[in-house]
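Following the hints, put chains B and C in place on chain A, whose structure we already have.
Which chain is which? The protein sequence lines are A, B and C, in order.
Sequential numbering from 1 applies to the first sequence in our numbering.
Sequential numbering from 130 applies to the second sequence in our numbering.
Sequential numbering from 573 applies to the third sequence in our numbering.
Please keep in mind that the hints were generated in silico from the structure rather than gathered at the bench.
Just to be clear, a hint being listed does not mean it is correct.
Said to hold, decoys possible - Capping the alpha-carbon separation at 20 angstroms, the derived lysine-lysine pairs in PhoX-like fashion look like this:
id: 1; chain 1: B; residue 1: K329; chain 2: B; residue 2: K356
id: 2; chain 1: B; residue 1: K429; chain 2: C; residue 2: K574
id: 3; chain 1: B; residue 1: K189; chain 2: B; residue 2: K447
id: 4; chain 1: C; residue 1: K691; chain 2: B; residue 2: K174
id: 5; chain 1: C; residue 1: K727; chain 2: C; residue 2: K806
id: 6; chain 1: B; residue 1: K281; chain 2: B; residue 2: K356
id: 7; chain 1: B; residue 1: K174; chain 2: C; residue 2: K915
id: 8; chain 1: C; residue 1: K691; chain 2: B; residue 2: K157
id: 9; chain 1: B; residue 1: K166; chain 2: C; residue 2: K915
id: 10; chain 1: B; residue 1: K429; chain 2: C; residue 2: K579
id: 11; chain 1: B; residue 1: K472; chain 2: C; residue 2: K772
id: 12; chain 1: C; residue 1: K772; chain 2: C; residue 2: K798
id: 13; chain 1: B; residue 1: K324; chain 2: B; residue 2: K353
id: 14; chain 1: C; residue 1: K1053; chain 2: B; residue 2: K429
Each chain, letter by letter, is given below.
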Amino acid sequence: MNIPKNLFYTKDHEWARIEGKTAYIGITDYAQHSLGDITFIELPKIGEELKQSGYCATVESVKAASEVYAPLSGKVLSVNTELAAHPELINQSAYEKGYFISLEISDVAEKTKLMDAASYERYVEGLTK
Amino acid sequence: MSYIPHTQEDIQEMLSAIGAKSIDELFKDIPASLAPKSFNLPASKSEFVVTQILRKLAAKNATGLVNFVGAGFYDHFIPASVDAIAGRSEFYTAYTPYQPECSQGWLQAIYEYQSIICQLTGLDVSNASLYDGGTALFEAMMMAVRATGRNKIILDSGVNLIYRTMLYTYTSNLSVEFVEIPVVHGQSSREELFKHLDDKCAAVILQNPNFFGAVDDHSDIVEKVHKSGALAIASVYPVSLGMLKTPGEMGFDIATGEGQSLGIPLSFGGPYLGFMAVKNELVRQMPGRIVGSTVDSDGKRGFVLTLQTREQHIRRQKATSNICSNEALCALRAAVFVSLLGKDGLKELAQHNYQKAEFAKEELSRIKGVEVKRSSPTFNEFTVLLPRHGDEVVHRMIEKGFACGFPLGRFYKGMDNYLLVAVTEKRTKEEICRLADSLEAVL
Amino acid sequence: MKLIFEKHKEGRRGFSYGECDVASPKPLAEKYIRKNQAHLASLSELDVVRHFTNLSRFNYSVDTNFYPLGSCTMKYNPKFCEQITSLEGFSQLHPLLPQLSGGGMLAQGSLEVLYESEKLLCEITGMHAFTMQPMAGAHGELTGVMLIAAYHKNKGGRRKYIIVPDSSHGTNPSSAAIAGYEVIVIPTASDGYMDLVEYKKHLNNETAAVMLTCPDTLGIFNPHIKEIADLAHKVGALMYYDGANLNAMLGKCRPGDIGFDVVHLNLHKTFATPHGGGGPGAGPVGVNEKLIEFLPISRVVRRSDGTFALDYQKQKSIGYIAPFYGNFGVILKAYAYMLVLGKDGLISAAEIAVLNANYCLAKLKKYYDLPFDKTCMHECVFSAARQAKNGVHAIDIAKYLIDQGFHPPTIYFPLIIKEALMIEPTETESKETIDAFIKVMIEIARLAEEDPSAVTNAPLKMPIKRLDEVRAARQPDLSWKP
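Here chain A stands alone, though its shape is the one from the complex:
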């Protein structure tokens, strides 16, 4: 399981890459692996306000639909439009090409509620036991 060290993680297997006041968001390798081949993703619109742990997106595979929650609160700045035609990017490159959105962080302090890579790794190990 790939868990990049420079990212932050949630219990629901979302990741956030913080670059100044902007955060890029996606789902982890563990998540894409459990979902199987992703067939469709419903993303928020640019300008939408998201809340930490609030609804962000829906990811669909053939037999399931899973909700994705925002790791941080903020306003959506950009949306990865490649995913419309190529949802498989999430399976192939969960942390890079398969990112979902970027948002303008409204409260940097919320970072403390997230796990770092080491904590997330332990958390995932606990799940797979």
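Same frame as chain A, now just chains B and C:
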């Protein structure tokens, strides 16, 4: 008779394998206090006896009347092959094709049905069927509400009152607001409609031909509807699409309707067939099952239920609809019917309907006191103004062997003397002439 | 097989209407006429008949294969029921006839069928009245929940929630949501029944109703069901019965007697009307006195002279949920079935359905994990968890069964059981058929240990192998393009 194959021997062997002494033991989890307070049903009867009972009941229905009643449900001819195919038990005793490898027959048939609906309506994608034209219209309306995030619906009163009432019933617990637009000289009132079109509108719902039989070209309305950010929904009569401009050509986003006229008997109200076709961008909002084409591991073409994440068995309370069972067998009938006709047959069918209705209009206009409404063009159904109350005329005509039309006073205030007359390809010249003669005599 | 459109030959004609017997009038104005022609195949009648006849032979069906699809009750569809619906007296009747003055007298036969069906269903379920209008089970569920909403609104408080167990069929929460309610999901406890502690915690005077299936979707009769009903009634909530599993209860227990206020039935399950490849079905809804006044318009009534009429005068009715009286053609078949089976036949159906399911349970429990080792009713739920450890999942078992000529049981439902296999043989299947099925299931268990790929590669004998469902969802091809 109970169709149970078990012999006493079978039962004993099975009980012994289970380790139970009697069948009663298997029901021990039901407490005695919950045994039925009564179960007074008649004793079983043989098939022969029941058939006789039902034949007698069927004979109590009068189907000898020459039928000129339409109002959304039409007496069309059903070619024998439709019954023959739909009567094959490999089709009708199967269930939903969730296991594609053993249901390619059904899946392909539905894919062909979907394609046919797209060709008829001129839209991009169809689902595998809904219950009927009314529930299909409700589903279309909810799609618009979800897609736009708005909740005002402009509803033309030329839409069948039965469907309008169904929409009100289904939305009674939801926050949807309706504005009804009156019909002017038979067609949709643009003036009234545009007055109410604003950024709160989720959709405008129109019917073509409308309940009065009037044919229209709604392209101008659709254009304005789109400018306001709302969706345009059309409820249409499929047989008319052999001739009339399609909802696709007019720019509608969603087309729904009653498919009964495509090879499904009138059968006193059901089962019928709700069809729905949408523009591509709305496909993920569409309710109901959908069949898609794909390939198997050898690269061979095959068909499968797809986009199932919209449906109740996966999405549960977030599903696009709660629909599970649909009208698959009726959809099959429609697919066979349209395939038998082909494009030429469909044109011919529409032409015959139109022709006979025009002839009937001529015959009826000759009657003193009868005024055939001509303010708008019609397809196979038209409105007639009688010199007397419609109910009474209809009653007298039944005595003469005709269901001469639908008295509009039943559905519309102030229209007691109006009659809605439908003429399908089944009505012969002779029947139409006799209708006119009898009506003349009654009046 | 080729698509019908791929068999098109320009100029070929199938069905033709012949010459029109009236003269050709002026055509409609150009702007009303379609310009883009429909691209429909031109075929001869034989082409069409051969095409669809061949398609029919690519299906598994009850008439050709054992079809133990749990929760669907795929019992034999008596042929005489089919024959009855083709009687012209029934099939040709226009539904608006009773709306014509004096028209009710023209439909006495069909009105009697509706009236008598209602009476029989009332007695079978212990309810006071039925609406035959809902056109499918899920449609019945929505109607039932709307009746519940009308009841509460009438009392002055809408209430917000509907409680469902996590083992419920997806149509329960989705119907509740469409009727404007929020759904509270109660987990199943380790004893296999809805968790009573959680239930009591969430039950309050904002609960509009509790929706339950009985026996539940694990095929087991919940011994606490009366207690659950009494607790609901104490807070003024109503009890809704999902009748999908009624086949186990016929003559043994009635939802009305347990305390259910509203009930829906699936005529295409318990009452043997054919599944039709997905429909049409019928989902009549029964109510007790609390809800009669809210039933949809119209209702069939019997006048003092014995004739039947339609009553449209219902002030508090929820309105029209169907265009007319329901799927009459389906109701007619169910009526014929109820007449033929009668009291003794219906009771036997329940008894043998339960016998057959318990026989499957007894024979297979050594080979498959049984989440709850109790007497089941008309269906039993196994888990393929043991086989999944070797890479053989419920879906693989299903595909292998297909190769052996059996339609698979229901898989992955209820959601609370991992690798669920829900087997419902129904009473019309013989011991020989069930033994043949059991034999293959045991074989699969053995292969899962010794040669898993023999199962995971299935099916191999069907016209197609496993399909690329991911592609079907990612690149939808939903309609033939010319």
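Results of checking the hints against the structure:
At roughly 13 angstroms between alpha-carbon atoms, K329 of chain B and K356 of chain B fall within 20 angstroms of each other, so this suggested pair holds. Pair hint K429 of chain B plus K574 of chain C holds up; C-alpha atoms about 12 angstroms apart against a cutoff of 20 angstroms. Restraint check: the Cα-Cα separation between K189 of chain B and K447 of chain B comes to about 47 angstroms, which exceeds 20 angstroms; the hinted pair is violated. For the proposed pair K691 of chain C and K174 of chain B, the alpha carbon gap of about 18 angstroms is at most 20 angstroms, so the pair holds.
About 15 angstroms separates the Cα atoms of K727 of chain C and K806 of chain C, which keeps this hinted pair within 20 angstroms; it holds. Simply put, K281 of chain B and K356 of chain B have alpha-carbon atoms about 16 angstroms apart, close enough for the 20 angstroms limit, and the pair holds. Using a Cα cut-off of 20 angstroms, the hinted pair K174 of chain B and K915 of chain C holds, with the two alpha carbons roughly 10 angstroms apart. At most 20 angstroms may separate the alpha-carbon atoms for a hinted pair to count; K691 of chain C and K157 of chain B exceed this at roughly 29 angstroms.
The straight-line distance between the Cα atoms of K166 of chain B and K915 of chain C is roughly 14 angstroms, inside the 20 angstroms bound, and the hint therefore holds. Of the supplied pair hints, the one linking K429 of chain B and K579 of chain C holds, its CA atoms being roughly 18 angstroms apart against a limit of 20 angstroms. In summary, the hint linking K472 of chain B to K772 of chain C is not supported, as the alpha carbons are separated by about 62 angstroms, beyond the 20 angstroms threshold. For the proposed pair K772 of chain C and K798 of chain C, the alpha carbon gap of about 14 angstroms is at most 20 angstroms, so the pair holds.
With a C-alpha separation of about 11 angstroms, the suggested pair K324 of chain B and K353 of chain B falls inside the 20 angstroms cut-off, and the hint holds. Among the hinted pairs, K1053 of chain C with K429 of chain B is consistent with the structure: their alpha-carbon atoms are about 19 angstroms apart, no more than 20 angstroms.
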